[in-house]
Structure formats: C-alpha cells, structure tokens
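Q: Chain order of the listed sequences is A and B. Using our numbering, the letters of the first sequence map in sequence onto residues 1 to 252. Using our numbering, the letters of the second sequence map in sequence onto residues 1 to 257.
In short, the hints are calculated from the structure, not lab data. Just so you know, not all the hints are guaranteed correct.
Simulated crosslink set (DSBU-like; lysine-lysine; CA at most 35 Å straight-line) [claimed, not checked]: (1) B:K32 <-> A:K78; (2) B:K15 <-> A:K115; (3) A:K104 <-> B:K15; (4) B:K32 <-> A:K52; (5) A:K26 <-> A:K116; (6) A:K115 <-> A:K182; (7) A:K104 <-> A:K115; (8) A:K182 <-> A:K104; (9) A:K78 <-> A:K199; (10) A:K78 <-> A:K104; (11) B:K15 <-> A:K52.
Take a look at the letters that make up each chain.
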Amino acid sequence: MIELRDVHKSFGENHVLRGVNLKVRKGESVVVIGGSGSGKSVLLKHIIGLLKPDRGSVIVGSTDLSQLDEEGLNEIRKRFGMLFQSSALFDSMTVWENVGFGLKRHTRLSDSEIKKIAIQKLGMVGLVGVEDLMPSELSGGMRKRVGLARAIAMEPEILLYDEPTTGLDPIMADAVNDLIIKMRETLHVTSVTITHDMKSAYKIADTIAMLYNGVIVASGPPGEIRNTPDPVVRQFIEGRAEGPIVLEGIIR
Amino acid sequence: MIIRFIEFIGAVMEKPAEGLGRFILLFCAVLKGMARPPFEARNIIRQMLEIGVNSLPVVLITAVFTGMVLALQGYTGFKRFGAEGLVGSVVALSMTRELGPVLSALIVTGRAGAAMAAELGTMRVTEQIDALETLATNPVKYLIVPRFLSGMVMLPALTVVTDIIGILGGYFVTVTLLGTSSKSYLRATWNFLQVQDIYVGLTKACFFGAAFTLISCYKGFYTRGGAEGVGRATTGAVVFSSMTILISDYFLSAWLF
Ligand SMILES: Nc1ncnc2c1ncn2[C@@H]1O[C@H](COP(=O)(O)OP(=O)(O)O)[C@@H](O)[C@H]1O
Ligand SMILES: [Mg+2]
Chain A
1 MIELRDVHKS FGENHVLRGV NLKVRKGESV VVIGGSGSGK SVLLKHIIGL
51 LKPDRGSVIV GSTDLSQLDE EGLNEIRKRF GMLFQSSALF DSMTVWENVG
101 FGLKRHTRLS DSEIKKIAIQ KLGMVGLVGV EDLMPSELSG GMRKRVGLAR
151 AIAMEPEILL YDEPTTGLDP IMADAVNDLI IKMRETLHVT SVTITHDMKS
201 AYKIADTIAM LYNGVIVASG PPGEIRNTPD PVVRQFIEGR AEGPIVLEGI
251 IR
Chain B
1 MIIRFIEFIG AVMEKPAEGL GRFILLFCAV LKGMARPPFE ARNIIRQMLE
51 IGVNSLPVVL ITAVFTGMVL ALQGYTGFKR FGAEGLVGSV VALSMTRELG
101 PVLSALIVTG RAGAAMAAEL GTMRVTEQID ALETLATNPV KYLIVPRFLS
151 GMVMLPALTV VTDIIGILGG YFVTVTLLGT SSKSYLRATW NFLQVQDIYV
201 GLTKACFFGA AFTLISCYKG FYTRGGAEGV GRATTGAVVF SSMTILISDY
251 FLSAWLF
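Just need the whole structure built from these sequences, with the hints factored in.
A: Below, the structure written as structure tokens:
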C-alpha cells in the first residue's frame, strides 16, 4: 500500500533521512518510534507528499508520488487523512467548519449537510455539542480529537497520525489510543503512527519500526520488538539515558 | 585570489539570491493560481473588507490632515510671491500624483500587510498550511491569491478616497480658516488637474497594492522558527514593503511622468 525506498532528505547541512526503507501493507497499522528530532515528522510528511525526497521514492498504491503533478497529488491526498502533532486546526474557523473543510471544497454538499456530517464525525471521536465553538476554546485533548474528526471526514483509506498522544494526560492518551484502534476496526484504514510513547505503540501497532540516525534500524511485531537484543532499540523502549544512543549536549 | 573573491561574493549573495528566487517562484505560483478556477470568492471578499474597510478610518484621518497641512504650507509659501491662488492646485496635484497612493499604501502596509505576515506565519508554524495541503487545497491559491487581488483592487479605491478627502481638507484650511474664496480654490483645483494625474496615481496604487501583499505573504508563508519567527516575518514584511513602496515610487513617477 505504502512503500518508502531509500528515501534521503536534507535541510541544508542537516541530513535528516539517510535512506529510509519502510513498507506498509493494506490494512496494517505501522508505528514509527524514535527520539525527538530524529526525523519522524519529516518521514510522515514524505508519505503524503508535503516534502519531496532528495533521493529515493515514495510509492502509494502503485503510484510514485514524484511522478505526479499538483492535481494528481491532490487526488491521492483525498485518500489520506492526517492528524498533526499540534492538531493544526484552522483557527479562523469554527469546529464544524474545520471538520467539514474537505467536504466543502471537494463535494457539492450544502452547508447544512456538511454540518450534519461534521457533527456525526465529532460524535465518533466522542465530542458532542462543540461544533459551534472556535478551536481556541478547546483543550488540547479536544483539539486532537477535532483534528482526528477532520482527518476522517472524507472517509480516507490511509490515516497518518503524528504523535497523537503527546501532551495529553495518561487517561486522555489512552482514550486516543482506543480511538485509533476503533478507526481501524470500523473504517478498515491503513495507518502510520508516529510516537515516542511505548505504551501507545504496543497497543496500536501491528508492526513497530524504529527510526534512528536517519534509517529504520529495526522493525517487527510488538512482541518481537519488546524482546529484541538490539541495544539501540532496547535503550529506547526501556527509556534509559545511558546506552549507545548519544544525546546531544549531554556529556557522560 | 580571484577565485577566493568570487567564492566570497558567492557566499555573501547566496541567501539573498535564494530568497529572490523563492520570491519569483511564489509570484509565478500566484499568477498561475489566478488563471485557473476555483476562484476563492469568499476569501477575496473577506480580504477586500479587511484591506479596504478596516483601513478606512486611519486613511481618512491621515488624508484630511495631509490635505490641511499641504494647504497651510502652500499658503504660507505662495503668499510671499503673491500666488495664494495656486494653493488648490498644489494640494490637488500632490494628493493625486504622490501622497494619495503613497500614504494609503504605507498605512495599509502597516495594518493589513503586518496582519497578513502574522497570520500566514502563524499558520505556517502551527502546521495549518501543511494541513491545507493534506486536505488537497493549494495554499497559494487559497491564501495568497485572494490577498494579492484584494490589494491590487482596494489600494486604488482607497487612493481615490484619500485624494478626495485630502482636497476637501485643503479646502477647509484655505477657504474656511484662511478666508480665500471658495470659487478660486475650486478653480485652482480643477484647472490644473488632468486625467493623466489621476491615472498616474491609480497606477502607482495598483502596483503598491500588488507589492505589499506579495511581500507580506511571502514573508509569512516562509516563516521558520516559532513565535519568534512570526515576529521577524511581521517586522520584515512591513520594512521591506515600505522600502519597496518608497523606492519604486520614484521610478514609477519617472516612467509615468
Ligand atoms: N521544513 C524544515 N526545514 C528545515 N529543517 C527541518 C524542517 N522540518 C524539520 N526539520 C529538521 O529536521 C529534523 C527532524 O525534525 P522532525 O521530523 O520534526 O523531528 P521529530 O522526530 O521530533 O518529529 C530537525 O532537526 C528539524 O529541525
Ligand atoms: Mg515530530
């Protein structure tokens, strides 16, 4: 369904991705883990064509994204939903206008029909009666859920989640995990989730892949990853400061 | 030695050249976005109100006082060689050719240009622009084209208002305060004013409107680095737009007569 082949990406001197290879099968839930600043968001943005690889290719279905013009890319994007790390709600619009944005632009539905669908999608993520509020009136957890409602509004085949549980309290984080699982069960979506929350990773993943030094250093089912002998992965999943992973600015 | 020098020039010019390249690419994307539907009518109307209507009070106050001070200074100066009768002409010509477009452009830059850079900059750093793209919406077309068009239309409109209000301000000082006859002020205004003067002023205004919106949107659109970056983008937008307006004003005046 999705395949990254030897993807490289630099920003100036900063060589962030150094040959990423990743395969996501249809209906699979892949979780990418890795430290802050390791390039997880950059990786995710390549999958939906927000960033273009310097080298290598990104393939969705049977299409190489680099072969597409703007219109082709927009057609592919309608098959995606993306939840951003900061939710990225449009703060000049009400909650329902946010959720219905894609419908407003890409369908001929009337405003009242769009609002009805938006309310229904908000219900799916457990939000009731917030449709007329502005995003600035919501808490962080509510914003995440509105972002999720917006991502699923066009009934996408593929969902991309960028740190869906970061910044939430443990209970809200678990509620979001349950939502992700529910999306998969009810909508049968393929998903790629970025996180550094191991609890969440074990819960939602079919496959866990670890990004380190610009490449995927390990990948496998949660059970396998949990018991891996690889010291880099062990250090990360156990959350220890000492180990082979060098933290910038920390001298030991 | 020479190679070193060329390398040095290259290193110094790299950033500005890169910026200029990106600016030109953005301009091309805007032109391309204007040519093809969908035309974002709702956004265009919103921006027109934002630029035109919301700037109106400040523009009006500036215009009336500028007209008044022009008349006052003109009167004092011209009285020395008995040419008080020309005050109306001076006010009319200065307002239509020069001060109308430039003052309204500078004021609108300070208000609407700064707001554009801040809004787009915030949208960039909070990933709202990325979100637009993931929702299969071209952000240049959705955000920048409406601002660009509104700038090109509303600045000439504001200039017409500024011209008229400025001339009325001059009238008030010359006729009401200084006691010149109303007929001679109006005659001096009409006799020397040509269609050409108004055309020059409006052409300038249209150019300024295009320039400040494009520069402000460019600064906002390419913001990097959080809240601080938004602040930098906003300041940069106002400074660059104002300089562009003042510098291009000279060349436009020279070319358009
Ligand atoms: N658009 C960009 N321009 C320049 N550098 C970027 C850009 N996006 C990300 N980076 C850099 O790439 C690195 C990885 O960022 P990111 O993918 O956001 O990390 P994370 O794994 O925490 O999500 C960081 O050093 C960041 O500064
Ligand atoms: Mg990130």
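Q: Indicate, hint by hint, whether the structure satisfies it.
A: Evaluation of the provided hints:
Note on K32 of chain B and K78 of chain A: the hinted pairing holds, with a Cα-Cα distance of about 22 Å set against a maximum of 35 Å. For the hint pairing K15 of chain B with K115 of chain A, the CA-to-CA distance comes to about 46 Å; that exceeds 35 Å, so the pair is violated. In summary, the hint linking K104 of chain A to K15 of chain B is not supported, as the alpha carbons are separated by about 40 Å, beyond the 35 Å threshold. This hinted pair checks out: K32 of chain B and K52 of chain A have alpha carbons roughly 21 Å apart, not beyond 35 Å.
As the CA atoms of K26 of chain A and K116 of chain A are separated by approximately 30 Å, the hinted pair is consistent with the 35 Å bound. The straight-line distance between the Cα atoms of K115 of chain A and K182 of chain A is roughly 23 Å, inside the 35 Å bound, and the hint therefore holds. For the proposed pair K104 of chain A and K115 of chain A, the alpha carbon gap of about 10 Å is at most 35 Å, so the pair holds. Our distance criterion of 35 Å between C-alpha atoms is met by K182 of chain A and K104 of chain A, whose separation comes to about 26 Å.
At roughly 31 Å between alpha-carbon atoms, K78 of chain A and K199 of chain A fall within 35 Å of each other, so this suggested pair holds. A threshold of 35 Å between alpha carbons decides the hint, and for K78 of chain A with K104 of chain A the separation of about 13 Å falls inside it, so the pair holds. As the CA atoms of K15 of chain B and K52 of chain A are separated by approximately 22 Å, the hinted pair is consistent with the 35 Å bound.
Of the numbered hints stated above, those contradicted by the structure are hints 2 and 3, listed in ascending order.
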